[in-house]
Amino acid sequence: RKEVEQDPGPFNVPEGATVAFNCTYSNSASQSFFWYRQDCRKEPKLLMSVYSSGNEDGRFTAQLNRASQYISLLIRDSKLSDSATYLCVVSLQGAQKLVFGQGTRLTINP
Amino acid sequence: DVKVTQSSRYLVKRTGEKVFLECVQDMDHENMFWYRQDPGLGLRLIYFSYDVKMKEKGDIPEGYSVSREKKERFSLILESASTNQTSMYLCASSPAFEQFFGPGTRLTVL
Numbered sequence: 057r058k059e060v061e062q063d064p065g066p067f068n069v070p071e072g073a074t075v076a077f078n079c080t081y082s083n084s085a086s087q088s089f090f091w092y093r094q095d096c097r098k099e100p101k102l103l104m105s106v107y108s109s110g111n112e113d114g115r116f117t118a119q120l121n122r123a124s125q126y127i128s129l130l131i132r133d134s135k136l137s138d139s140a141t142y143l144c145v146v147s148l149q150g151a152q153k154l155v156f157g158q159g160t161r162l163t164i165n166p
Numbered sequence: 002d003v004k005v006t007q008s009s010r011y012l013v014k015r016t017g018e019k020v021f022l023e024c025v026q027d028m029d030h031e032n033m034f035w036y037r038q039d040p041g042l043g044l045r046l047i048y049f050s051y052d053v054k055m056k057e058k059g060d061i062p063e064g065y066s067v068s069r070e071k072k073e074r075f076s077l078i079l080e081s082a083s084t085n086q087t088s089m090y091l092c093a094s095s096p097a098f099e100q101f102f103g104p105g106t107r108l109t110v111l
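Chains as they are written, first to last, in my numbering: chain F, 57 to 166; chain C, 2 to 111.
Be a bit skeptical, because a hint or two may be false.
[To be verified] No more than 30 angstroms apart at the CA atoms, straight line, and that leaves these computed lysine-lysine pairs for DSBU-like: (1) K4(C) - K153(F); (2) K4(C) - K101(F); (3) K98(F) - K14(C); (4) K58(C) - K58(F); (5) K72(C) - K98(F); (6) K153(F) - K71(C); (7) K98(F) - K71(C); (8) K71(C) - K135(F); (9) K135(F) - K58(C); (10) K14(C) - K135(F).
None of these hints come from the bench; they were simulated from the model.
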C-alpha cells in the first residue's frame, strides 16, 4: 500500500466551479501535511500547509481528518490558472523527509 | 527568493557512463534532497543530506550515490547509468519542512 494515495484524475471542470480533492495516508504517526502544486514541466511549489483545525488561503481550503487519515483540498471559483497537478505531502514528526503522493491532475476549462 | 539551480535541464548519456548531476542552493539551508519523478509513480526520494558530508538513503538509493562537500552543493552520481534511470531528477533544499525545488534535469540514458 502506498504511503500517500491520491486519485490521479484527470479532473476536468469548468471555470468558476468548485473542485475538491482527497488524499489518504497510511502512517498514523504522520504529523505534518502539505499541498504542493506542480505546473506542467515545472518544479513543485508549496501551495499551503494543512493544520488540524483546517485553514484557508483565499479560494483554497485545506482540511485534515486524523481519525480517518485523510487530507482534502477545496478550490472555490476555479480559474484557468489553477490548472496544474496537486501533490499531497506528509511527513513524520520531527522528520524533514517528505512523502509525496503521485498527484492529482486538474484542468480548468473556459 | 530562494534559488535552487541544477547543472543541466536536459542530459543524454549512454548506458554504462558515469553521470554527475549538480545542485546548488543559495539560502544556506541545512537539508538537501534528490528525487526522481516518473509518470504514475510521483516523486521518489533517492538520497538526502542534513549537513555537510552527511547523507542518508531515501526510498530508492540503488544505483546512485551522493556527495555533499559544501553546504550549498549536493551532487547525485550515477556510477554506471542504465536505461531504467531515464527520468526527471529534481533537487530540493529546505530549512525545515517546506522544500524548494530546482527546475529539474531530464536525463535520458540510451
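* What hints, given by number in increasing order, does this structure fail? -> 8, 9 and 10
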